[in-house]
Amino acid sequence: MAGVLVTTTVNGDPVQFACPTDETLLDSLRDRVGLTGAKEGCGTGDCGACSITLDGQLVCSCLVLGVEANGREVTTVEGMTEGGQLHPLQEKFIEHAALQCGICTPGFLVAAKALLDKNNDPSEQDIRYALAGNLCRCTGYDKIVHAVQAAAVEMRKSTSKRKSKR
Amino acid sequence: MRYEAPTTTKAAAGLLAEEKGDAYILAGGTDLLVRMKMDMIEPDLIVDIKHIPAMQSIKASAAGATIGAAVSGAQLGAHKGLIKMWPGVVEATNLIGSDQVQGRCTMVGNLCNASPAADSVPAMIAAGAKAVIVGSKKRRTVAVEKIVTGPGQTSLAKDEVIESITLPKRPTKSGDAYLRFTPRTEMDIAVVSAGINVTLERGVIKTARVVLGAVAPTAVLVPKAAKAIIGTKLDDAALEKLAEACSEACNPIDDKRGTIEYRTKVAGVLAVRAAKIAFKRAGGA
Amino acid sequence: MGHDTSYTDQKFNVVGTRVKRPDGLEKVTGRAKYGADASAPGQLVGLILRSPHAHANIVKIDTSKAEKLAGVKAVITSKDLPDHTGGNRGMLDILENCMARGRALYDGHAVAAVAAIDRQTAKKALKLIKVTYKVIPHVTDVDEAMEENAPVVQDYVFTPGGDGKTPSNISGIVPFGHGDIDAGFEEADVIVEKSYKTEQTHQGYIEPHACLANMGSDGTGELWVTTQGHFVFRNTCAALLGMDVAKLKVTASEIGGGFGGKTHVWMEPVALCLSRKANRPVKVVMSRDEVFRASGPTSSTSMDVKIGAKKDGTITAASAQLRYSCGAFPGIWGMLGAMTAFACYDLKNVKAIGYNVLVNRPKVTAYRAPSAPMAAFGVESTMDLVAAEIGMDPIDFRIKNAAKEGTKASYGPTYGPIGIGPTLDAAKNHPHMKAKLGKNQGRGMACGFWFNFGGQTCTDLNIGIDGTVNLTVGTVDVGGSRASLSMIAAEELGISYDDVKANLGDTASLGHNDMTEGSRGTFSSGMATIFAARNAIDVLKQRAATMWEIPVEDVLWEAGSAKATGEGHGNLAPLTLKEIAAKSPTTGGPIAGHNESVADNAGVSFASHICDIEVDPETGGTKVIRYTVIQDAGKAIHPDYVEGQFQGGAAQGIGWALNEEYIYGEDGKLQNPGFLDYRIPVCSDLPFIDTQILEIPNPNHPYGVRGVGETSIVPPLAAIGNALSNAAGVRMDHVPMSPPRILKALEEAKSA
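Those protein sequences? They're chains A, B and C, same order as listed. Take the first sequence: its position 131, counted from the start at 1, is 131 in the numbering used here, and no numbers get skipped. Take the second sequence: its position 271, counted from the start at 1, is 271 in the numbering used here, and no numbers get skipped. Take the third sequence: its position 174, counted from the start at 1, is 174 in the numbering used here, and no numbers get skipped.
Honestly, the hints are just simulated from the structure, not real lab data. Bear in mind that the values here come from a model prediction, so they are computed numbers and not experimental data. Ideal placement from N, C-alpha and C gives every residue a C-beta, glycine not left out. Mixed in with the good hints there might be a few duds.
[Stated by the list, open to error] To spell it out: a stretch of chain C is covered by chain A in this simulated footprint if at least three of its residues, at any positions, have a beta carbon under 8 Å from a beta carbon of chain A; those stretches are:
#1 204-210
#2 470-483
#3 668-676
Hey, can you work out the whole structure from these sequences and the hints?
Below you can see the structure in the form of structure tokens.
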């Protein structure tokens, strides 16, 4: 098995792994780095369950080769908590029952965070279209959208709190 | 499988020329990795073009635009200057897949994958786009409509790679638009699509290019449809002729996404709607 | 409308509130472990070779080259899975579906499998297996399969009531009903007769089937698997592999969606067989392509519905013939369709006949209220047509004929207190009904029914030394039932929800539990939890009596404490559960409660849905503008999760109604085995889905609970069909009602 050594950063930590050149980043993260939060729902970029960010850009990790992570920054759902503190999105997802089986949840959280980091006051349609790449079969998306709206409110509040403290 | 990440276009072309096995270019990977996953291809060599500076940027002004082959849909969609001049080209590319896919996919990759339903292609052809092709020995520039020769097939030689797409000078009072029909609001392959580009003179359409997608083995440039709206302000009779010409030009198949009769009918409907948008964007009333 | 009110006045402290679920943290941090998330040292990758033909005799399988490939540790075919079923045809069907036995029965049917040290080697090995097929004629359409000269899928199937000599594809013809439909139709002023078709769909869970099998050379084994029923999987796998049940320990992972599709084994016996042969752990994970081709989708159907009514709106007769495909093996799907078709109504004369039909497609399994949505599409569409003919409002027409307590159901039993009438009344008065409609928009409504099941359940409740409680259940948590079950335990014991931790036990830890299906998870395990808790309370009272040195008859349990009653005990301060638990080592040891039962009388569940849809008349494109689900839950333990079930089922029904279908070519091969062209709704396709929970208590449950998980997928097909009819003026009779079909109907209507 011909392979490569990949030196990368995952959730802020330096990580090194070896993988076959034709392996996807999804498989590398799950099988080499041991982070199983990203899931394979389809392997062809149609479901978003494998969503991560690569150098800050939201992507499907099943459509990226493991070797492409070399020298770049990867963040996954496992990197969303900050020092044991849940991200507002994670809190709101639980509060609003925005998950049932939970398999799509990591992908949704990463995608929703990518949205809110760009647009902190999205409309319902903004949210729906930004999350169109993430399939959920359990919830009908209703409570997911509500949770993202609630998280956006929460995040704007804490941003303005921080601003007013100065 | 070998993975190479050259830093010049020439080097990329050279790698392709030398490879005795199956070589593929990796841009966004949103088609390539899918084909690998489905066991449709087994590359011996993958040439990653995302480390080539000449392919990474967008330059846009009224004198024309150049879009590097490694530029992603997301980058395109964030370029205000390009959106202003070529909203149709940008919106077409931005329709390819989800936000995740947009973070990776490229216009050129979409073009070279050569699906009859490729979203960027009708809009590029309507815009009069050209492809700058670099081979191991020479460069050439070719109209985009000459690239795709059939489903999954291009006119590129084994050692050729597209370095960038150029869009021509953009007169004022011009506008383009791209519309497609999909059963869901997102995530679908176009069942039928239309890309239209018009320039106006004194409020009347002076030049037009009408291109249909997903209704034939390759995108179809329909001169008769363009003729139907040139010299008009898109009155009902002109629009009817436009729709008719488009339906006539269709040569679709029945497949899991649509029937022949459906595509033929809706091609005309979308062309009319796209024409109205392009006309409005050009300043028409 | 009468019903036992002893529950409706029941004051709950925990039940009915909206607490945080216990597995939420794991799931939002990516820590929760699903089927493909486990690994074992030395594990091998298992891959399955599948038939590319819809129907073919397997002349020869040559595995010699694959076996010689370096890194390959096992190659198996049906030769490695001998028949231990002892003549049990149903079990042999399951075995044959897991691995073809001489004949490939559908595109995707497993014919061989390998286990190798890595994926690349396993892929290479599959390519080296040479299968010689002789392709034979196939049939994939349910009506074509019933024709006299149709290719026969299984030669042991004979049409019931036929000559018993010539095999056919009709494995069952099952009638339900009562009365005299001929006389009934004679009485009718208006009769509508129409035929409908619905295409095959898939449950579409986002998590593919996955397992990690680990067999020892001593006949023991372990299986980590995503499943709706680890006990049933254990029984099945042990039977098929010739193992003792107790020696196979099955642990259920978190499940990434099931909806019925994970109640059946698809490749787990193959994984175990590979592991046994290789003597190493083997991980098998299905690709999305395999999930569509080789797990258990629904039936495709073809049906004829006839309803007659008097001018005043009374239905005088209703009949239906419902033909359901079962895939390549017999199944009860047509029968279930016939049972549910007219269940919402009080009918004097009714007859529904279900046909179970074999075709060269994957083996059908349950999908959320299996067989009911299709039958409801036919019946509820016809109801609207009849209402229009007599000039009556569609809701009023249904209210007039709705089943109620005392009605003899079309499928046999007599109803107790039920919710169809209340849901219809609620629909009629819902603000949705009064909302204004825009251009090209139309509104439709429809009803639905599902039985719900009880089944075998076993639950353990253990009280820790600090008074916190471990609740071990055996029903897989598909939608948050651990929260609901913890709430029930807390309610019964009178303690805080936060003091209860629910866990899913593996098969070695509990007695048999039936699967989480039939909307039975919260119902059955909830019932068992109640009785296990009451068991534990008996023990707690006994311990308090011991501690106080008074007779146990003088102890009662109230608000989480033991209280001394009777003469002379007034000065005894109550003992909390925590205090009793702390003393348990000296009063008799660990305190626990336990329950094994068969929960009967799950209580039927009814729903009425309202849908507004917009149609683009030039393209047939549709947009769901507004959707409301009104359903009877009996008693909603956790309202958020009940709402979630309503919304999820409705979304699946909407996808089914508008876009989802299995597309087969003339060659019998599945053309769209992926999420690109098998189109489930995405977030931007749907509006918020409004819900209204009604509570007409189920008298057979201590809290009145009815199963809620399934009914909400039943009305959408017809609600949308009826809405489309009102929006565009065309009656759709073929599901999915996709844009090409709608545009075709519009064009035909224009030219007519």
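>> Taking the earlier hints as the rules, which of them does this structure contradict?
In response: none
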